Each structure stands twice: as structure tokens, then as C-alpha cells.
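**Student:** Letter by letter, the chains look like this.
There are 4 protein chains.
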Amino acid sequence: MNNYSQPGAPGRARVGVIGVTGYAGLELARLLLGHPGVTLAGVFTSGREGAGARPLAERAPAFAGRTDLECVPLSLDAVRAAALDLIFLATPHEVSLEWVPRLWRETAARLVDLSGAFRLRDAEEFRRWYGQPHTAPELLAEAVYGWPERYPAPIAAARLVANPGCYATAANTALWPLLASGAARAAGVICDAKSGASGAGRSLREDLHFVELESNCKAYGVATHRHTPEIAAQAGLPVEEFTFTPHLLPVARGILATCYVPLANGAGAAELEALYRRAYDARPFVRVRGERLPELRDVTHTNFCDVGFRVREASRQAIVVSCLDNLLKGAAGQAVQNMNLMLGLPEGAGLP
Amino acid sequence: MNNYSQPGAPGRARVGVIGVTGYAGLELARLLLGHPGVTLAGVFTSGREGAGARPLAERAPAFAGRTDLECVPLSLDAVRAAALDLIFLATPHEVSLEWVPRLWRETAARLVDLSGAFRLRDAEEFRRWYGQPHTAPELLAEAVYGWPERYPAPIAAARLVANPGCYATAANTALWPLLASGAARAAGVICDAKSGASGAGRSLREDLHFVELESNCKAYGVATHRHTPEIAAQAGLPVEEFTFTPHLLPVARGILATCYVPLANGAGAAELEALYRRAYDARPFVRVRGERLPELRDVTHTNFCDVGFRVREASRQAIVVSCLDNLLKGAAGQAVQNMNLMLGLPEGAGLP
Amino acid sequence: MNNYSQPGAPGRARVGVIGVTGYAGLELARLLLGHPGVTLAGVFTSGREGAGARPLAERAPAFAGRTDLECVPLSLDAVRAAALDLIFLATPHEVSLEWVPRLWRETAARLVDLSGAFRLRDAEEFRRWYGQPHTAPELLAEAVYGWPERYPAPIAAARLVANPGCYATAANTALWPLLASGAARAAGVICDAKSGASGAGRSLREDLHFVELESNCKAYGVATHRHTPEIAAQAGLPVEEFTFTPHLLPVARGILATCYVPLANGAGAAELEALYRRAYDARPFVRVRGERLPELRDVTHTNFCDVGFRVREASRQAIVVSCLDNLLKGAAGQAVQNMNLMLGLPEGAGLP
Amino acid sequence: MNNYSQPGAPGRARVGVIGVTGYAGLELARLLLGHPGVTLAGVFTSGREGAGARPLAERAPAFAGRTDLECVPLSLDAVRAAALDLIFLATPHEVSLEWVPRLWRETAARLVDLSGAFRLRDAEEFRRWYGQPHTAPELLAEAVYGWPERYPAPIAAARLVANPGCYATAANTALWPLLASGAARAAGVICDAKSGASGAGRSLREDLHFVELESNCKAYGVATHRHTPEIAAQAGLPVEEFTFTPHLLPVARGILATCYVPLANGAGAAELEALYRRAYDARPFVRVRGERLPELRDVTHTNFCDVGFRVREASRQAIVVSCLDNLLKGAAGQAVQNMNLMLGLPEGAGLP
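Chains A, B, C and D, in that order, are what the protein sequence lines are. Read in order, the letters of the first sequence are residues 1 to 352 in my numbering. Read in order, the letters of the second sequence are residues 1 to 352 in my numbering. Read in order, the letters of the third sequence are residues 1 to 352 in my numbering. Read in order, the letters of the fourth sequence are residues 1 to 352 in my numbering.
Honestly, the hints are just simulated from the structure, not real lab data. Since this is a predicted model, take the numbers as computed values, not measurements. Please note that the accuracy of each hint is not assured.
As the list claims (entries may be wrong) - Coverage of chain A stretches by chain B, computed from C-beta distances (three or more under 8 Å per stretch; other residues unrestricted):
1. 198 to 207
2. 242 to 256
3. 277 to 290
Said to hold, decoys possible - Not close to chain A: a few residues of chain B, all C-beta gaps over 12 Å, as computed:
4. Phe63
5. Glu94
6. Ala108
7. Glu125
8. Gln132
9. His134
10. Pro137
11. Ala156
12. Ala197
13. Gly199
14. Leu248
15. Asn265
16. Leu275
17. Asp281
18. Glu313
Glycine included, C-beta positions come from ideal geometry on N, C-alpha and C.
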């Protein structure tokens with residue numbers, strides 16, 4: 001892992017966002033424009049979008065009157081011209097696979113990649129789940145998995161942070177304390193997750209058309225979703241023993257993960273709560289709610305991940321519910337939290 | 001107008017739907033499959049869609065187990081092969097402009113066109129509002145405007161019925177009795193209408209993406225919407241004196257039209273109610289609700305158009321609210337109602 | 001079980017609905033008013049509501065113009081006066097516990113109870129899950145569990161039918177063929193179910209307030225929901241080994257149940273599909289969708305229960321998704337289906 | 001008007017919220033907890049709620065981990081004990097009518113009342129629209145109407161600020177520049193407004209039950225809504241000539257007002273845009289969008305009021321659309337903006 005020393009800039013860091021017109025990119029822009037410790041100095045459309053600079057406010061009217069920033073088509077020259085200390089890539093993994101190595105080589109900027117391109121350790125596992133070879137395997141060892149509750153020091157020192165998936169953050173916040181402590185068995189864990197539509201991105205798709213999704217709910221990606229190996233790796237589960245079923249909810253934002261966890265020993269509710277508190281009480285953005293199960297509305301429009309649980313004695317099982325806003329703690333908020341750690345800023349700076 | 005004599009088929013009429021995969025087309029197929037008096041004998045994709053026959057149930061899983069019908073790409077041969085007595089065109093007006101004349105000439109089938117292609121009397125007015133010349137002006141005089149509450153006899157005798165627009169049905173149900181009777185003044189009428197998203201059709205559009213429309217509401221088509229001249233013509237208003245503002249609601253189905261109508265004389269609530277009752281009490285699908293203003297939920301999933309009103313004495317004004325389900329009374333339901341009149345079936349046959 | 005011979009009335013059966021102003025009651029009234037084989041001859045508010053007869057259309061404006069029926073406060077005299085052959089109780093279980101025995105004794109009507117009062121065989125189990133003693137245990141043996149896909153003959157002969165719970169119908173449609181055949185193991189089955197808000201009834205509750213539920217999702221009743229023993233009993237699962245977690249969705253109607261089923265032997269997808277087809281292909285209202293997982297929108301506003309599944313080989317597990325409209329196949333529709341069987345009418349009469 | 005001199009407190013002002021458990025109260029608490037210039041030192045339930053102090057986070061789980069504040073039942077002693085410099089009343093007008101005079105007399109705190117109790121100048125007009133006598137008419141002359149875009153200096157000096165209604169802010173932002181300049185005629189103005197459900201408050205009501213409002217839309221309060229005289233007074237319209245029709249939308253937050261304004265002279269779009277820019281370009285929270293009509297989603301979760309318009313030449317009419325978040329610019333956000341002016345803080349401090 002690269003031990004990166006922070007640039008000694010006498011002032012605010014200059015940051016940029018590639019892929020700013022997607023939902024995560026827009027949320028990043030919103031957070032960074034209001035951030036007290038950094039300057040949003042460049043926003044770029046990813047290579048896939050139309051040419052020509054256009055005001056951000058034209059792409060997203062909610063920015064009207066808030067910024068004069070122009071979305072610039074992505075090019076190395078444009079990125080260099082912005083003189084950025086840190087760059088967020090809010091891009092599909094195909095774009096990140098191409099641009100992270102390029103930016104690593106051709107700039108000195110630190111990188112926070114919101115895609116799945118650098119989250120797995122193993123190029124072969126990447127190929128299996130993403131259906132394409134990993135074209136920059138040498139950077140997999142450089143990337144730090146950007147889960148701030150677990151890896152704050154490596155994140156602070158990293159040049160390249162792989163920001164976790166939205167489902168992965170929800171599931172792992174629920175699973176890790178139980179598995180790492182030995183309270184849970186590694187075989188037979190099930191995560192039934194429900195997500196709002198912004199998690200699927202801004203590209204038009206028939207199943208995300210309002211008339212189709214309103215009043216609907218469906219499972220998708222059963223046994224094939226790409227967050228499965230990411231969750232398994234971080235939670236310490238054999239991937240073939242772990243069942244992950246995402247569902248699409250008729251809401252814009254939010255993930256609620258219901259996890260069914262076989263318990264390994266006689267631990268009761270008090271012991272489980274202690275495990276969660278030990279893991280998270282010192283961390284600003286995870287709230288341990290005990291037996292009060294959290295709901296989407298407790299966390300949407302915040303950077304919190306809430307976790308609660310019940311122990312079912314008859315079947316020696318914990319039912320753990322975690323939830324978060326997929327655009328904040330599940331994407332842009334967590335990315336800013338990682339940036340704060342990387343730049344030595346207060347962990348919660350600029351976060352709601 | 002063509003005085004059409006009904007085919008003496010010894011049995012159920014055979015009907016078909018062109019453009020069956022759009023929202024109005026699917027709703028038509030659903031109604032016709034359950035209709036006691038006709039046989040749905042052919043469903044066609046419009047020329048714009050992919051080639052090859054595919055089961056309807058594959059295009060719309062709600063039909064699974066209900067029908068073996070296959071969607072066939074539109075061609076004259078395919079239509080002729082189905083031996084149809086009556087054909088619905090649930091197609092964009094561009095497609096109807098091309099196919100209505102062709103079917104008129106090349107088949108003997110009666111036609112119900114759900115597009116705006118044949119709703120206006122005047123080819124020049126069509127050109128002004130639709131931005132293209134009318135390529136079959138000779139059929140404008142043949143087409144009967146398919147408003148069953150007003151033109152039941154001409155519809156029964158028509159070969160070509162122009163099914164009204166969804167907004168137009170809502171607005172005209174509210175306006176016509178007041179204007180035809182002289183109770184309202186023709187100048188200064190305003191219709192502020194709110195519609196669900198299915199009215200905009202099934203084509204993917206960014207503003208109809210779930211994340212964009214959920215929790216949203218917006219005006220659109222201000223002073224330019226194509227239903228404006230249709231409403232004005234039927235209500236007897238000079239189009240330049242009539243203000244129509246449609247809005248998009250975050251619901252799948254339904255139109256609610258709030259009309260502001262200057263009163264011409266001293267008529268009070270009782271007189272207005274009498275006018276509405278005279279117009280509609282003998283008609284099965286308009287419910288006069290008096291001073292109890294109707295709501296979307298009173299009419300969605302039904303073929304009713306409900307109308308209620310208040311008289312504001314201080315400003316000598318009626319505020320009239322009408323609502324309907326844009327896919328039923330606003331499109332497919334009204335089309336079936338017209339078909340029932342054309343085939344001599346009970347007006348409500350097959351309608352919820 | 002009572003072997004009930006059908007009343008030899010020379011004409012349509014007269015039916016009534018107690019508890020007509022709740023969501024299931026309104027849906028029953030809607031279905032029965034359009035039913036070709038019965039006459040809706042009496043609708044009653046349950047004892048808990050205000051006194052005085054009021055038009056049904058006043059309680060629910062969607063009925064305006066469709067019926068002159070008046071909601072009558074529930075009393076034995078009022079029920080007797082309506083001369084009913086069959087009575088639906090769309091009432092809370094407390095009301096059913098009181099009124100089913102009374103109607104059993106004091107009238108000759110056949111009864112379809114939509115509450116949970118008579119679904120369990122065992123009075124002690126009722127007490128444990130419903131938190132109150134069963135006050136009519138002698139009728140538990142008389143009641144036939146109204147699952148028409150499984151018990152059509154007993155239902156046809158029954159005087160008292162206990163209409164299944166909405167979650168129970170969804171879960172058992174998914175579970176029964178796998179468990180009855182021995183393809184699934186009885187231990188470790190999990191059902192993660194998601195329901196629309198109408199399942200919670202029409203009583204005002206803060207968590208069902210629009211502002212609270214819109215954009216929300218939450219688990220509730222974890223390990224305590226009253227449908228748990230009903231599912232376990234019908235599926236043949238030991239209740240302590242069965243995990244059931246209901247969730248509330250921001251939709252009005254619909255249940256989607258995701259079931260995680262450990263497989264007992266080497267059965268693959270083809271064998272499972274064969275089991276489902278054997279169970280349901282002859283039944284009109286269950287659609288086996290194979291590996292195409294059903295979605296809420298495939299079934300809402302219909303009486304279908306759709307079921308699809310995937311086999312996950314690595315963990316020898318079936319992931320089965322079933323869904324239905326909780327007010328139709330989950331309540332009123334299934335009740336009408338049961339009535340049809342009881343009255344010797346076509347099973348699908350009057351159902352959409 | 002009272003010329004109030006600011007308390008010379010050496011440090012942050014202490015502020016409190018009465019009625020903190022309603023939607024506006026919760027939003028106020030959220031804003032004030034994150035405000036850089038004040039301390040939220042007391043939160044009170046209004047007299048109508050249950051007794052006993054309870055943590056705010058228990059009343060609203062979204063506050064979990066963010067504050068230890070306890071909701072205290074409202075009493076003069078409790079308010080005095082909190083030593084508040086400024087108090088918000090997020091209470092029904094009946095409660096404000098009772099408590100504003102009491103706090104005026106018995107404390108030295110400055111007051112921002114979010115109810116309609118002190119928005120009208122005239123006690124008789126209050127009686128007519130609110131259906132009860134005004135019990136503190138002597139304070140009507142003391143109250144400053146808290147519209148910061150128009151009355152910044154009087155607000156800064158006021159002891160009592162009457163925070164405008166949500167509809168009134170939307171409508172008046174659209175109407176005032178046109179009427180004050182003489183560009184619009186005072187007779188015949190119509191405002192057709194659409195509001196999310198949180199505007200109706202947190203009290204349970206059947207029409208705000210999720211199942212009732214989801215997929216619904218309705219007009220209400222036609223010609224009787226209490227914001228009517230408030231709009232007329234501020235816009236300079238004779239109340240009997242002004243038509244205001246509010247509608248309920250199936251969204252949680254947001255108001256969109258569509259105003260139909262007869263133009264008095266030959267002013268075109270450029271002149272109108274200049275009038276709006278003159279009125280608002282120096283103000284931080286109104287965005288003049290010109291001919292690009294704003295949508296709800298441009299402003300929800302912000303304190304902006306956006307305004308756009310079209311000129312319809314044929315009828316010499318402006319169609320003006322304004323929108324805002326009813327809980328922010330329409331209530332709590334505007335109240336904080338007023339507080340900022342009163343305390344000499346930057347106008348946008350603590351606002352998103």
C-alpha cells in the first residue's frame with residue numbers, strides 16, 4: 001500500500017468530480033460545494049457523454065444560483081488544467097478501469113473511485129463477477145477499501161481509495177461485528193436487501209420508468225449481484241455460502257438490508273449489542289439502535305448507517321436490520337468521509 | 001359522414017389492436033380479452049418496434065396465463081390475415097396518419113384511432129399545433145369525434161372514430177354543459193390540469209424516470225399543448241381566449257382538471273347542477289357529483305368521469321373539477337365505449 | 001367438518017358483507033356488485049363503527065352511481081332481515097370471534113371469515129399468538145381453511161370457511177409444493193415478505209400516515225407476526241424452525257414474499273418447476289413463472305398469485321418469490337373464489 | 001412597530017421551539033441543531049400533547065445520536081428555565097393565540113410564530129376566515145409579517161414576527177413584483193396551488209392515510225382557505241377578486257403554485273423578467289428562472305423559492321409558476337431566515 005503524504009498546500013485542497021452528472025456525482029457536487037474545507041475546482045462528464053462544456057446548473061436545475069461551475073468533457077488536459085489534489089470518479093467500472101490507471105500515472109492527485117473496479121483484491125474474482133478481465137491488476141494491491149469504520153488509518157494514508165458499494169456498506173455494517181467476533185457462524189448467512197431506484201443510476205431503463213416502478217417491488221440479480229463477493233470478502237464469509245438477494249423498492253433513495261445470521265454460541269441480545277457498540281460507538285456515522293429496528297426514513301438525507309437487531313432464540317439466529325441512504329453513506333457521503341480522512345479534516349466535515 | 005352499416009357477422013365481432021405494447025394498447029388488450037361481446041383476434045406492434053412475433057405475455061407479464069396472443073409486426077398482410085371487423089390504433093399520430101388511410105382503403109374494417117391525427121376538423125389547424133402537414137385531409141370529414149356522451153348516434157354509424165384526448169375528455173366534460181347553455185362566458189376560461197405519467201406514454205424519457213418524477217410536480221406544454229384546440233373546438237371557445245396548463249403528477253394514472261369558468265349570468269349552484277344533470281344523467285359513465293368535488297381515487301381503474309363544482313359568488317365564477325383515469329375514460333375505456341356503440345352492444349359492455 | 005348441502009334457491013344466492021367499510025370489505029363489495037352469480041343483499045358496519053344507516057357511496061365515493069346499498073349497523077335483526085345465504089366477515093378477529101358463533105347458531109347462512117379467528121386448529125396456539133383465549137373453540141374443527149388451491153372439495157362442502165391471511169397465501173403458495181414433496185428440508189426456512197399498506201387496514205396509525213410511509217420501508221412484527229403459525233401449519237414446518245419477517249412497503253397494494261428454502265436432495269430447477277406445475281397448473285389463479293421471478297405489478301388488481309424461483313447450487317437452496325394483491329388473492333378475491341366453490345359457481349366468476 | 005434592540009449577549013443566542021413534534025417543529029429542530037450561530041436550548045411540546053419529558057430522539061428517530069434534548073411539556077416555568085433569547089412557536093393558531101401574548105408579557109424573548117394567528121392586520125378579517133374572535137388584537141400591530149424578501153429591516157427590528165403561510169410565500173413571490181409595479185391587473189388573478197401532505201401537519205386524518213393519498217390528487221378548501229386573505233393583503237389584491245384553489249399532491253414536501261395573471265399593459269417577457277430580477281436578484285433565497293419553469297424537485301430540501309413564467313400574448317396574461325419546500329422556505333427555513341435577520345446573523349446561516 002502506498003503511504004501517501006498529504007500535499008502541503010497552504011490552504012484548501014482542490015478537488016474534482018468525474019462523472020458529475022450521474023446521481024452519485026451530483027450528490028458529490030452538492031456536498032463539496034457546501035464543504036468548509038475543500039474547493040470544488042473541476043467537474044467532468046465521463047467520456048460517454050456529449051461534448052462541450054455546459055453549466056452544471058443546466059444539467060441539474062437544483063444547482064441554479066449556487067454555482068457557476070461548468071461540466072467539462074473528460075480529458076487528461078482538462079483534468080490537469082484544474083490542478084486537483086484529489087479526484088472522485090463517480091463513473092461506471094468500465095470508465096474507472098480506464099481512467100484510474102491513467103490518473104495514477106499522469107497526475108499526482110489522490111483518487112477516490114466510487115465504482116466496483118478496485119474493490120476486490122483478486123483480478124480473477126473480478127473477472128468472474130464483472131464478466132471482463134481486470135485491465136489494471138497491479139493497482140488492486142494499491143487500493144484501500146474505503147470503509148471508514150474499519151480502515152480509517154489505511155484510508156488516511158492511501159493514494160487510491162475504492163469506495164464501497166451501497167449494498168456492501170449496509171450489509172457489512174450489520175455482519176462484520178458478529179462474524180469477526182465469532183458470535184456468528186460463517187455458513188448460511190442470508191442478506192435480503194431492498195434498495196431505492198437511484199442506486200441503479202441515471203441511465204434510462206424501462207423497469208425504472210415511473211409508471212413501471214411506482215407501486216412495484218421486485219427481486220433482481222439473484223445470486224449474481226456484483227456486491228456479493230465484496231460483502232463476503234469484507235464480512236469474512238465464503239462467497240458460496242452467502243446468499244444475497246437485492247430488491248428494487250418504489251422509493252428514490254435508501255437501502256434497507258435484512259440479514260439472517262446463524263449464531264455460533266449462546267450469545268444473547270446484550271452480548272450482541274455490546275459487540276456492535278464496541279465496533280461503532282466511537283464512529284460518528286454508525287448508530288447502534290439495539291432492538292429498535294431502524295427504518296429508511298431514519299437515515300435518508302443523512303450520512304448515517306443505522307443498525308438494529310433481534311435475537312430469535314428458538315432458531316439461534318440474529319435478524320439484523322441496517323439501513324442507509326444509498327447516495328450518501330452508500331456512495332457520495334462515504335466518499336466525502338473518506339476524503340476527510342485522507343486530507344486530515346474532521347471526519348464529518350461537510351456532511352449532513 | 002359515412003353511414004356505416006354493421007357487418008352482419010353471425011356472432012362476435014373480431015377486433016384488433018395496433019400499437020398494443022404502449023400503455024393504452026395494453027389497457028385495450030386487457031379490456032378486450034375480458035369483453036363478453038367481441039373476440040380479440042389480432043394484436044400488432046406499430047411499425048417502429050422490433051421485428052418478429054412475440055407472445056403478448058412476454059411483452060407484459062401481467063398477461064401471463066391469460067392469453068396466447070402473439071404481437072405481430074404491423075403489415076397490411078398481417079392485418080388482413082386476422083380478418084378484423086374493427087381495428088383500434090393505439091399509435092402516435094404520425095403512425096395513425098399513415099395507417100388510417102391505408103386501412104380505410106385496403107380493408108373494410110371500422111377504425112377507432114386513439115391518436116390526435118383525426119380529432120381536429122381543419123387540416124391547417126392540425127399543421128399549426130402538430131407542426132406537420134396533415135397528409136390525409138380528405139378523411140377529416142369522415143372522422144367522427146368519439147365523445148360518446150355527446151355524439152352517440154354519429155359514433156354508432158361511423159366507420160372512423162377519432163377517440164378524444166385524455167385531457168380533452170376531462171376538460172370538455174366540465175366545460176361543455178356550461179358553455180353550450182350560455183351559462184358561461186366564452187372568454188377567459190382557464191383549465192389547470194394535472195395528469196399521471198402514463199399519459200405521456202411508454203417511451204423512456206428522463207423526466208419520467210422514477211427518481212426524477214417521484215416527489216415531483218411540474219407544469220409543461222404551457223400554451224402549446226396539442227389538446228388545447230381540441231378542447232376549444234368541442235367546448236365552443238375561441239382557442240386564443242382559452243388557457244390550458246397541463247401538469248405532470250407523481251402518479252401512474254389519472255387526470256384531474258380544475259377549470260375556472262366566468263359565469264355569464266346570475267346562475268347559481270342549483271342551476272349549474274341542473275345543467276350538468278341534464279347533460280349526463282342519462283349517460284352511464286359521467287357522474288355529476290354536485291358540490292362534492294371528485295378526487296382521482298374516485299375514478300382510477302374505472303371508466304367514470306366525475307364532475308363537481310363550486311360557485312364563487314364574489315367573482316361570478318364557477319370552479320369545476322373533473323377527473324378520470326387517463327388510460328380508461330381518457331383512452332382505452334372510451335375507445336371500448338365507442339366500439340360498443342359502433343357494434344350495437346350495451347354501452348358499458350366489458351368496462352369496469 | 002360439516003357437510004353442507006347447498007341451498008336449493010331457485011336463483012341467485014343472496015350474500016352480505018359485515019365490516020364493509022374496511023379495505024377488504026370495500027373490495028368485497030366492489031367484486032360482489034359486479035358478480036354475475038350472486039346478489040349483494042346486505043352490507044353492515046361492524047359493531048365498532050358509528051350508528052345509523054348511510055349510503056355505501058357516502059362512505060366510499062368510488063361507489064357513487066354504482067349502488068344504492070346502505071351500510072347498516074351490525075345486529076342480528078339486521079342480518080336476519082337481509083335473508084342472506086352466505087355472509088362474509090371482513091372484520092377484526094375480535095369481532096369475528098363474537099359474531100361467527102352467533103351467526104352459526106342464529107342463522108342458517110354459510111360463513112366466510114376473513115379474520116384470523118378460525119385459521120388455526122388449536123385454541124392454545126391461538127391464545128399464544130393472538131394474546132387472548134379463543135372463545136369458540138368448538139368451531140375450530142368446523143372451520144375449513146379456505147385455501148382453494150389445496151382444499152377445493154372441503155371448501156365446497158363447508159359451512160364455515162376461514163379465509164387465509166394475505167402473507168400466508170403468498171408464503172404457502174411458494175412453500176407447500178417443495179415441502180409436501182420432500183424436496184425441501186423443514187428446518188431453516190426463511191420468508192422475508194414485503195407488503196403494501198392496505199394490508200394493515202384502514203384504521204389511522206402514525207406509521208401509515210402518508211408523510212411517514214412515503215419513501216419509507218421497515219421491518220415489523222419480527223418473530224411475532226400472527227401469520228407465522230398459520231404458514232408453518234399449512235406448509236408443514238415446525239413453527240420454531242420457521243423465520244418470518246414482514247416489511248411495510250410504500251405501496252397501497254401487494255405482497256412480495258422472498259422465501260429461502262434449503263433443499264433436501266439433488267433436485268434441480270427442472271424438478272422444482274415440475275413440482276410447482278403439478279400443484280398449480282390445473283388451478284386458475286396460480287401462475288407458475290419458472291425462473292422468471294414475478295413482480296408486484298404483474299399481479300396487482302388481479303386475483304393471481306404468481307410464483308417463480310431460482311436454484312442456488314452452491315448452497316443447495318431455492319430462492320422462491322411469490323406475489324399477489326393483498327386485497328384480492330390475499331383477502332377479498334380469495335374469499336369470492338371460496339364463495340364460488342361453496343355455491344357451485346365457476347371458480348373464477350366475478351374475479352378480474 | 002416595536003423597535004427591538006438586540007440582546008447584547010456575549011455569545012450565541014439561546015433559542016427554543018414550542019410545538020417541536022409537528023413537522024415544522026421537527027424541521028426547525030434539525031436546522032437549529034446544525035446552525036453555527038445559535039444554541040437550541042429548549043424544545044417543548046404544545047399543551048395538547050402528553051405529559052412528561054421525553055428525549056426528542058424518541059419522538060423522532062432521525063435525531064438518534066444527534067441530540068440529548070428532551071421535549072418538555074409547555075409551561076411558563078419550563079420556558080423561563082430555558083433562558084431563551086428567541087422562541088419559535090410551531091403551533092396551531094389556537095395555541096399561538098394563547099401563548100404569544102403570554103410570552104410577550106411574561107418573558108423578554110423575541111418571538112417567531114409560524115401559525116396564522118398574527119399574519120393578518122385586522123382582527124375582524126381574522127374572525128371571518130378563522131371562525132373565531134382574535135383574542136390578542138393589540139398585538140396585531142406589533143407583529144411584523146415575516147417575509148424576508150420584502151420586509152428585511154422591520155423583521156430585524158421586530159420582537160414578534162408572524163412567519164408567512166407556505167402557500168402565501170409561494171403565491172406572493174410570484175405575484176408581488178407584477179402587482180406592485182402595475183404590470184398586472186388586480187382583478188381576476190387566479191392561483192391554482194398544489195401542496196405535499198406535510199403541509200397539512202402531523203395529525204392523523206383519513207385523507208392523509210397512505211392508502212388514501214398515494215396515487216390521489218384533490219382540490220380542497222376552495223374559496224375558503226385561510227391563506228387567501230394573507231395572499232391578497234400582501235399582493236395588493238381585493239380578496240373577493242382573487243381566486244385561490246389549493247390541491248393535495250401525493251408527495252411529502254413541496255408546493256407548486258401556478259398563477260394566472262392578467263397583464264395591465266403591453267409588458268412582454270423581457271419586462272417581466274426585469275421586474276422579477278429587480279425584486280429578487282439581491283436576495284439569497286429566491287431564484288428567478290425566467291422562462292424555464294421551476295419544478296418541485298428543484299427546490300425540495302432547500303430554502304429556495306424559484307419563480308418562472310410565460311407570457312401568453314393572445315390573452316395578455318402571464319402564467320407564473322413558483323415553487324418551494326413547504327417545510328423549509330414555506331415554514332421552518334423561512335423562520336430561521338427571519339431569526340438570522342433578527343439576530344444580525346448572515347441571512348443564510350444554517351440553511352441548506
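**Student:** List, from low to high, the hint numbers that the structure doesn't satisfy.
**Tutor:** Numbers 3, 12, 13 and 14 - these are the hints that the structure violates, sorted from lowest upward.
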